[in-house]
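Student: Protein chains in written order, with the working numbering: chain G, 1 to 259; chain V, 1 to 283.
A portion of the hints provided could be inaccurate.
So the derived list for chain V, only partly shown, Cβ under 7 Å to chain G, looks like this [to be verified]:
hint : residue
1    : Val178
2    : Arg185
3    : Leu196
4    : Pro198
Chain V residues, not near chain G, derived (Cβ > 12 Å throughout) [as the list claims (entries may be wrong)]:
hint : residue
5    : Asp30
6    : Leu81
7    : Pro122
8    : Gly181
9    : Tyr184
10   : Ala199
11   : Leu201
12   : Pro202
13   : Leu264
Computed spacing ranges between beta-carbons, pair by pair [as the list claims (entries may be wrong)]:
hint : chain 1 : residue 1 : chain 2 : residue 2 : range
14   : V       : Pro114    : G       : Asp48     : 52 to 62 Å
15   : G       : Asp48     : V       : Met266    : 44 to 54 Å
16   : G       : Asp187    : V       : Ala255    : 39 to 49 Å
17   : G       : Asn239    : V       : Met266    : 50 to 60 Å
18   : V       : Gln125    : G       : Val41     : 53 to 63 Å
19   : G       : Ser151    : V       : Arg128    : 40 to 50 Å
20   : V       : Pro114    : G       : Asp78     : 16 to 26 Å
21   : V       : Leu127    : G       : Phe38     : 58 to 68 Å
22   : G       : Thr50     : V       : Gly188    : 50 to 60 Å
23   : V       : Thr210    : G       : Arg86     : 47 to 57 Å
For the record, the hints were derived by calculation from the structure and aren't laboratory data.
Yeah, the Cβ is synthetic: ideal placement off N, Cα and C, and Gly gets one too.
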Amino acid sequence: MMVPLRAVPDVEEPAATAADGGAGRGLELAFDGVTKAFGDVGVLRGLDLTIPAGQFVAVVGRSGGGKTTLMRLIAGLDSPTGGTIRINGTARRGLQPDVRLLFQEARLLPWQRVLSNVGIARGPGWKERAQALLAEVGLADRAGDWPYVLSGGQKQRVALARALVTEPGILLLDEPFGALDALTRADMHRLLTRVWRQHGFTAILITHDVAEAVALADRVLVLRDGVVADDVAIDIPRNARAAGTPRLAELERRILTAV
Amino acid sequence: MTVEATAGLENGTLATAAAGPRPWRVAWPDWRPLLLGLALPLLAAAGWEIVVQAGLASGRLVPPPSRVAAALWKLARSGELWPHVGATAARVGAGFVLGGAAGILSGLAASYSPLFRRLVDPALQGLRAIPSLAWVPLFLLWLGIFETSKVALIAVGVFFPVYLGVMAAVLGVDRKIVEVGRIYRLSGLALARRILLPAILPALVVALRTGLGLGWMFVVAAEYMGASEGIGYLLVDGQQLGKPDQIIAAILVFALLGKMADALLMALFKPALRWQDAYQGGR
Ligand SMILES: Nc1ncnc2c1ncn2[C@@H]1O[C@H](COP(=O)(O)OP(=O)(O)OP(=O)(O)O)[C@@H](O)[C@H]1O
Ligand SMILES: [Mg+2]
Chain G
1 MMVPLRAVPD
11 VEEPAATAAD
21 GGAGRGLELA
31 FDGVTKAFGD
41 VGVLRGLDLT
51 IPAGQFVAVV
61 GRSGGGKTTL
71 MRLIAGLDSP
81 TGGTIRINGT
91 ARRGLQPDVR
101 LLFQEARLLP
111 WQRVLSNVGI
121 ARGPGWKERA
131 QALLAEVGLA
141 DRAGDWPYVL
151 SGGQKQRVAL
161 ARALVTEPGI
171 LLLDEPFGAL
181 DALTRADMHR
191 LLTRVWRQHG
201 FTAILITHDV
211 AEAVALADRV
221 LVLRDGVVAD
231 DVAIDIPRNA
241 RAAGTPRLAE
251 LERRILTAV
Chain V
1 MTVEATAGLE
11 NGTLATAAAG
21 PRPWRVAWPD
31 WRPLLLGLAL
41 PLLAAAGWEI
51 VVQAGLASGR
61 LVPPPSRVAA
71 ALWKLARSGE
81 LWPHVGATAA
91 RVGAGFVLGG
101 AAGILSGLAA
111 SYSPLFRRLV
121 DPALQGLRAI
131 PSLAWVPLFL
141 LWLGIFETSK
151 VALIAVGVFF
161 PVYLGVMAAV
171 LGVDRKIVEV
181 GRIYRLSGLA
191 LARRILLPAI
201 LPALVVALRT
211 GLGLGWMFVV
221 AAEYMGASEG
231 IGYLLVDGQQ
241 LGKPDQIIAA
251 ILVFALLGKM
261 ADALLMALFK
271 PALRWQDAYQ
281 GGR
């Protein structure tokens, strides 16, 4: 079962919106009046926005605000109640081969060793691909291990390798680092930034942590009451963010107020 | 998170023990609990043997171990035992395969199809409430006194635990893991083979073992109701001829066969459950 790789590079889009990221393989994502209700509870009440190919977007919002719901709509695990989601201009229908999702828990299959987990989609040459991706996330020597022996951070790195093995155009990350300690989390941030630059996918990261959002993203969306309450561009080069500029602090404050 | 941490810790302890100065401790199974568990029955048997040998009791109704062993030896050496073993094993085997297959298929159907579940499950639950031995006269009437009725009775005994176990296992499969399969667009077959089957396998094995145990229980009943062959026949024969040593010998054979069948089943599934062994390594 071959997972189709995108054959046509996105020539109509600029390589990336951010000056310092994106290799140009990402897909554009557009929401057109998207709503989602469970019963008569409206969780998303009309999203209209465009995420350019290759952009790194962070989504922050209160617990229960519909962030996970949004991710599941993009991945095609659920369908919107109203409106359309377009990927590179085409309305999304069903599960998307180009969209991968990293969950809060790694969700590795306990009955498969690490390599088989990474190569879950199989297809020709999957072992070599999986091994290469494991090397990329720094776990080349753990290919033969059972998932249960890995630490939480290692599990998430395996999950990241698994998501990247089919070269997704969009990578969704639903608080995948929430359960990690601060040091491991910083490692994961570096790793994520690196693979994002290398692979050039469009990244959408859900997080509770505003500092994490402004450190990693080109743009932060604040989801509140089912709409995008604020849309903040982080117009600071990534290498200048760690130091913490006044501008960064100001953006952080603005986001915190909006949430 | 806590579970994983605990498992990791236990595993760490194990690893330390293995690296310790006395690795043979880990390499060999620890027989001490087994010996301790055997101490009481062995002591009782030896005590009874002494009491009978000393002439303090006749041991006519409760034969001493030596007499049971002699009866068993005689049955085995004369070759009389093996047709009985063969007949009983064949009945349990046939009943287990039929009842197990029916249980797996209807368990799967009930868990996949809500319609099947609503239509068939209440009836099955109702039938399950009947003590299965109550079927015996009906089965004898319908299926005759020969093999068919015996195998059918055993199959009924095997069916219910397998059906319930499979249904519960499939309904209990972690939706989150199934979602992973969907996101990676596994085909229906790949999803079944690589995610659903491994996910239900541990519970399936438990269900099959329970079913097999009931199969052994029911074969006794079936053979007790009338058979010219089988370990159960040895029981009846021993009762009618007043040979308690033969009865106890037959009971021992039942216990041994049951244990061996269970071990065989476990060995059959062991390769597929390796991941679980590893997971529970510290326990
Ligand atoms: N399948 C469902 N059926 C009914 N209600 C649901 C379902 N999924 C989500 N909800 C509801 O939708 C709302 C948004 O849930 P969602 O999981 O998207 O929140 P979230 O922003 O991801 O929260 P958190 O930050 O805590 O993860 C919640 O009130 C939740 O109860
Ligand atoms: Mg969530």
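Student: State for each hint whether it applies.
Tutor: These are the hints, each one checked on the structure:
1. Val178: 10 Å, violated
2. Arg185: 6 Å, holds
3. Leu196: 11 Å, violated
4. Pro198: 4 Å, holds
5. Asp30: Non-interface label stands for Asp30(V): nearest chain G Cβ at 24 Å, farther than 12 Å.
6. Leu81: 42 Å, holds
7. Pro122: Holds, since 29 Å exceeds 12 Å.
8. Gly181: The claim is violated: Gly181(V) sits with its nearest Cβ about 8 Å from chain G, within 12 Å.
9. Tyr184: 5 Å, violated
10. Ala199: Since the minimum Cβ distance to chain G is about 8 Å, Ala199(V) lies within 12 Å and the statement is violated.
11. Leu201: At roughly 8 Å from the nearest Cβ of chain G, Leu201(V) sits no farther out than 12 Å, so the non-interface label is violated.
12. Pro202: 9 Å, violated
13. Leu264: With a cut-off of 12 Å, Leu264(V) remains clear of chain G, as the shortest Cβ separation is near 22 Å.
14. Pro114(V) to Asp48(G): 52 to 62 Å: With a Cβ separation near 38 Å, Pro114(V) and Asp48(G) fall outside 52 to 62 Å, so the hint is violated.
15. Asp48(G) to Met266(V): 44 to 54 Å: 59 Å, violated
16. Asp187(G) to Ala255(V): 39 to 49 Å: 57 Å, violated
17. Asn239(G) to Met266(V): 50 to 60 Å: 59 Å, holds
18. Gln125(V) to Val41(G): 53 to 63 Å: 36 Å, violated
19. Ser151(G) to Arg128(V): 40 to 50 Å: 46 Å, holds
20. Pro114(V) to Asp78(G): 16 to 26 Å: 20 Å, holds
21. Leu127(V) to Phe38(G): 58 to 68 Å: The hinted range 58 to 68 Å is violated for Leu127(V) and Phe38(G), with Cβ atoms some 39 Å apart.
22. Thr50(G) to Gly188(V): 50 to 60 Å: This hint is violated: roughly 35 Å between Cβ atoms.
23. Thr210(V) to Arg86(G): 47 to 57 Å: Taking Cβ atoms as reference, Thr210(V) and Arg86(G) lie about 53 Å apart, which means the hint holds.
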